[in-house]
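Peer 1: According to the numbering used here, the first sequence is numbered sequentially starting from 1431.
Everything labelled a hint here was simulated from the structure, so no lab data went into it.
Be aware that one or more of the hints could be misleading.
Distance condition first, Cα-Cα at most 30 Å in a straight line; then the derived DSS-like pairs of lysine-lysine [what the hints assert, rightly or not]:
| hint | residue 1 | residue 2 |
| --- | --- | --- |
| 1 | 1458 | 1539 |
| 2 | 1458 | 1474 |
| 3 | 1549 | 1539 |
| 4 | 1458 | 1546 |
| 5 | 1458 | 1549 |
| 6 | 1549 | 1474 |
| 7 | 1474 | 1539 |
| 8 | 1474 | 1546 |
No experiment lies behind these values; they were computed from the predicted model shown.
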Amino acid sequence: MLKKETKLNERNEDFFEAVYQVVRLIPKGRVTSYGAIAAFLGSKQSARAVGWAMNASHRHQENLPAHRVVNRIGMLSGKHHFAQDNSMQNRLASEGVVVLDNQIQQFEKLFWDPSKEIKLDGY
DNA sequence: ATGCTGACGTCGC
DNA sequence: CGCGACGCCAGCA
């Protein structure tokens, strides 16, 4: 019966909320990818869904460091969705993240893997 | 209810 | 190595 069982945790949390939680946990000066978040949630293929969650993030969560979330290549693909076109890069720069031509420098070094850092300890 | 879109990702050429 | 096409999940019209 439970073919797929579940895409989310057993919790009643919405997919969006789950994404927001992870994004909030991203340390300052660090970045992660949609796919990483998706993988952490259990469905790495739902990277698009994660991006969609971010799109609606401002509707659910205002203060969300969405600028720390980029695609797998470290490109600011979502900067276009920010209020200011350079808002995303500006914020990253404020955190010490060097962005050149919408491309995060040292992306691999700054990459923050949620499934690796976050521990479902109790919660 | 069905279909399209979308801040992605992977495979193919 | 670079660009293109398909596929995935979830939300919205």
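Peer 1: Determine for every hint whether it applies to the structure shown.
Peer 2: For each hint, the structure was consulted:
no., hint, verdict
1, 1458 to 1539, "holds, 14 Å"
2, 1458 to 1474, "holds, 24 Å"
3, 1549 to 1539, "holds, 20 Å"
4, 1458 to 1546, "holds, 17 Å"
5, 1458 to 1549, "holds, 18 Å"
6, 1549 to 1474, "holds, 18 Å"
7, 1474 to 1539, "holds, 21 Å"
8, 1474 to 1546, "holds, 14 Å"
Hint violations for this structure: none, all hints satisfied.
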